[in-house]
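Student: Sequence:
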Amino acid sequence: MKTTGAFFERVWSVAARIPRGKVTTYGAIARALGSPGAARTVGWAMRATPSGLRLPCHRVVNAVGELSPEDVFGGPGVQRSLLESEGVTFDKQGRIDMERHFWMP
DNA sequence: GCCGTGACGATTC
DNA sequence: CGAATCGCCACGG
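Numbering that gives the first Met the number 0 puts the first residue of the first sequence at 0, with every later residue one more than the last.
Be aware that one or more of the hints could be misleading.
Said to hold, decoys possible - Ranges between beta-carbon positions, derived for each pair:
hint, residue 1, residue 2, range
1, 2, 69, 20 to 28 angstroms
2, 83, 8, 23 to 31 angstroms
3, 53, 74, 17 to 25 angstroms
4, 35, 75, 18 to 26 angstroms
5, 91, 4, 24 to 32 angstroms
What the hints assert, rightly or not - Derived EDC-like pairs (lysine to aspartate or glutamate); straight-line CA-CA distance at most 20 angstroms:
hint, residue 1, residue 2
6, 91, 69
7, 91, 65
8, 21, 83
9, 91, 8
10, 21, 85
11, 21, 90
12, 21, 65
13, 21, 98
Simulated from the structure, these hints should not be mistaken for laboratory data.
We treat Cβ as the ideally placed atom computed from N, Cα and C, and that holds for glycine.
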């Protein structure tokens, strides 16, 4: 699938501004773009992100603080390791501490 | 312009 | 608290 949508480029622009050690949610990005209900579309955009952009897509998680499917990052624990190396903390359930690391676009 | 799809979200059971 | 369900919006065909 191509993904030459203007909306997608907005998503990538926002994702590129995520500070190191912080994370945001798909819903937050969707609201920042003016489409509160387009959280799924945001996720779709991330999945179709061109490698050339080098976006910190590992800093984008869902509203609960869960990480993306492992197969997308090439292996289990990959995304988690990246975040931990940036100072992001996790709870016992393997979820990100949103209160500390959430970033609003 | 309708149909299927999807790294989601909120609600309900 | 965990699983299931429905609703949401943008994009390609």
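Student: A separate judgement is required for each hint: does it hold in the structure or not?
Tutor: Each hint, compared with the structure:
1. At about 22 angstroms, the beta-carbon gap between residue 2 and residue 69 stays in the expected band of 20 to 28 angstroms.
2. Evaluation of the 23 to 31 angstroms hint for residue 83 and residue 8 yields a pass: the beta carbon distance comes to about 30 angstroms.
3. Checked against the hint of 17 to 25 angstroms, the pair residue 53 and residue 74 passes, with Cβ atoms roughly 19 angstroms apart.
4. Against the hinted window of 18 to 26 angstroms, the Cβ-Cβ separation of residue 35 and residue 75 comes to about 32 angstroms, which falls outside the hint.
5. Roughly 39 angstroms separates the CB atoms of residue 91 and residue 4, a value that falls outside the hinted 24 to 32 angstroms.
6. At roughly 18 angstroms between alpha-carbon atoms, residue 91 and residue 69 fall within 20 angstroms of each other, so this suggested pair holds.
7. The hinted pair formed by residue 91 and residue 65 meets the criterion: a straight-line CA distance of about 12 angstroms does not exceed 20 angstroms.
8. For the suggested pair residue 21 and residue 83, the alpha carbons sit about 11 angstroms apart, so the restraint of at most 20 angstroms is met.
9. Proposed proximity of residue 91 and residue 8 is contradicted: the alpha carbons are some 35 angstroms apart, above 20 angstroms.
10. For the given pair, residue 21 sits about 8 angstroms from residue 85 by alpha-carbon distance, which is consistent with the 20 angstroms threshold.
11. Between residue 21 and residue 90, the direct Cα distance comes to roughly 15 angstroms. Compliance with the 20 angstroms bound is thereby established for this hinted pair.
12. Distance restraint check for residue 21 and residue 65: the Cα-Cα separation of roughly 14 angstroms lies within the 20 angstroms cut-off, and the hinted pair is therefore satisfied.
13. Restraint check: the Cα-Cα separation between residue 21 and residue 98 comes to about 11 angstroms, which is no more than 20 angstroms; the hinted pair holds.
This entry does not satisfy hints 4, 5 and 9, going by the numbered hints stated previously.
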